[in-house]
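Protein sequence lines correspond, in order, to chains A and B.
Residue numbers for the first sequence, in my numbering: 7 to 105.
Residue numbers for the second sequence, in my numbering: 36 to 208.
These are calculated hints, taken from the structure and not from any lab test.
Since we're looking at a predicted model, the values are computed, not measured.
We put the CB at the ideal spot given by N, CA and C, even for glycine.
Please note that a few of the clues may not be correct.
Stated by the list, open to error - To list a few chain A residues with every Cβ distance to chain B over 12 angstroms, as calculated:
1) L102
2) L103
3) R104
Claimed, not checked - According to the in silico footprint, chain B covers these stretches of chain A (three or more CB under 8 angstroms from chain B):
4) 17–24
5) 28–35
6) 46–57
7) 71–84
Unchecked claim - One side only, chain B facing chain A, incomplete, derived with CB under 10 angstroms:
8) R122
9) L141
10) L192
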Amino acid sequence: MLPLNAALFLSAILFAIGTAGVVVRRNAIVLFMCIELMLNAANLAFVALSPLAGIDGQVIVFFVIAVAAAEAAVGLAIIISVFRHAESVDIRNFSLLRW
Amino acid sequence: MLTQALFYFFAGIAVLAALMMVTRRNPVASALWLVGTFFALAAIYTLLGAFFIGIIQILVYAGAIMVLFLFVIMLLNLGNAFEPDFRSTVWKVVAGGASLVLLALLARMVGAGVPTLAAEGGVDLVAAQVAEYGAVGAIGVPMFLDYVVQLQVTGLLLLVAVVGAVVLAKRKF
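Just chain A, same shape as in the assembly:
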């Protein structure tokens, strides 16, 4: 039997690393990868708790993966169209509509 606390703590560590990456980096593609890491950390918590709370956690992980795939497709298409416009994927080019 695996230590459940260790799995949940690993999930917390991965989520914190993903948060730090989102704050530190400016490359839009790397930001997306950090968000994928945070989604994976949440998935790990769902899977770790599923032996205790029922199989529904793994079903939800399946849905999270499907939504992450959709998000990656749309987000990368947006990055491509911004790159055509600004010749760069730096998120400082994404701030036109901010204020």
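Position chain B relative to chain A; hints supplied.
Okay, now just chain B, sitting in the frame of chain A:
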């Protein structure tokens, strides 16, 4: 005992690869380290008994989504002559502080929340479901019986995402 050793081994790989992913300047290197994290997480899912999720993790995440990322990096030619994209030292301190606070909060929740869940006693239920339907059926049966609406909405979402990606990535719109 071996399971625990393997768990800590793959947990170390996952954390190390995630740190390397955040700290590498080259986007291609970041993407490849993230693939490493996904493989380690797939191994951990398998160790936790979620065999189907582990396979899906490798097929969909490491196989499809990361290949999409690498394709876009190569399409935009970001792999060479990349510019350093780290923010200034102030932002790095903010990032470190924010992630430490988040980690402390999550760790506190982990410490406080687990004993109540352990009293639910669903372990036998999950084991019985896996024994009855198999590793795939244990997920598939509740997905197609209890989560039909969510499944249909997810299919619709994927359709919209595909159409939207094609429209956005087209030359003119």
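Hints and how they fare:
Residue-level check passed: L102(A) sits 16 angstroms from the nearest beta carbon of chain B, beyond 12 angstroms. Against chain B, the non-interface label of L103(A) holds: every CB pair exceeds 12 angstroms, the least being about 16 angstroms. Even its closest Cβ contact with chain B, about 17 angstroms, leaves R104(A) beyond 12 angstroms, as expected for a residue assigned away from the interface. With 8 residues bearing a CB less than 8 angstroms from a CB of chain B, the stretch 17–24 of chain A meets the requirement of three and the coverage assertion stands.
Restraint check on the stretch 28–35 of chain A versus chain B: 6 residues with Cβ-Cβ distances below 8 angstroms, three needed, restraint holds. Judged by the Cβ-Cβ criterion of 8 angstroms, the stretch 46–57 of chain A is covered by chain B as claimed, because 8 of its residues qualify and three suffice. Counting residues of the stretch 71–84 of chain A whose C-beta lies closer than 8 angstroms to any C-beta of chain B gives 13; at least three are required, and the coverage claim holds. A cut of 10 angstroms between beta carbons decides the hint on R122(B): the least distance to chain A is about 6 angstroms, and the hint holds.
A hinted interface residue such as L141(B) counts as satisfied when its beta carbon comes closer than 10 angstroms to some beta carbon of chain A; here the least separation is about 4 angstroms, so the hint holds. Among the interface hints, the one on L192(B) holds; its C-beta lies about 5 angstroms from the nearest C-beta in chain A, closer than the 10 angstroms criterion.
Every hint from the earlier list agrees with this structure, and none is contradicted.
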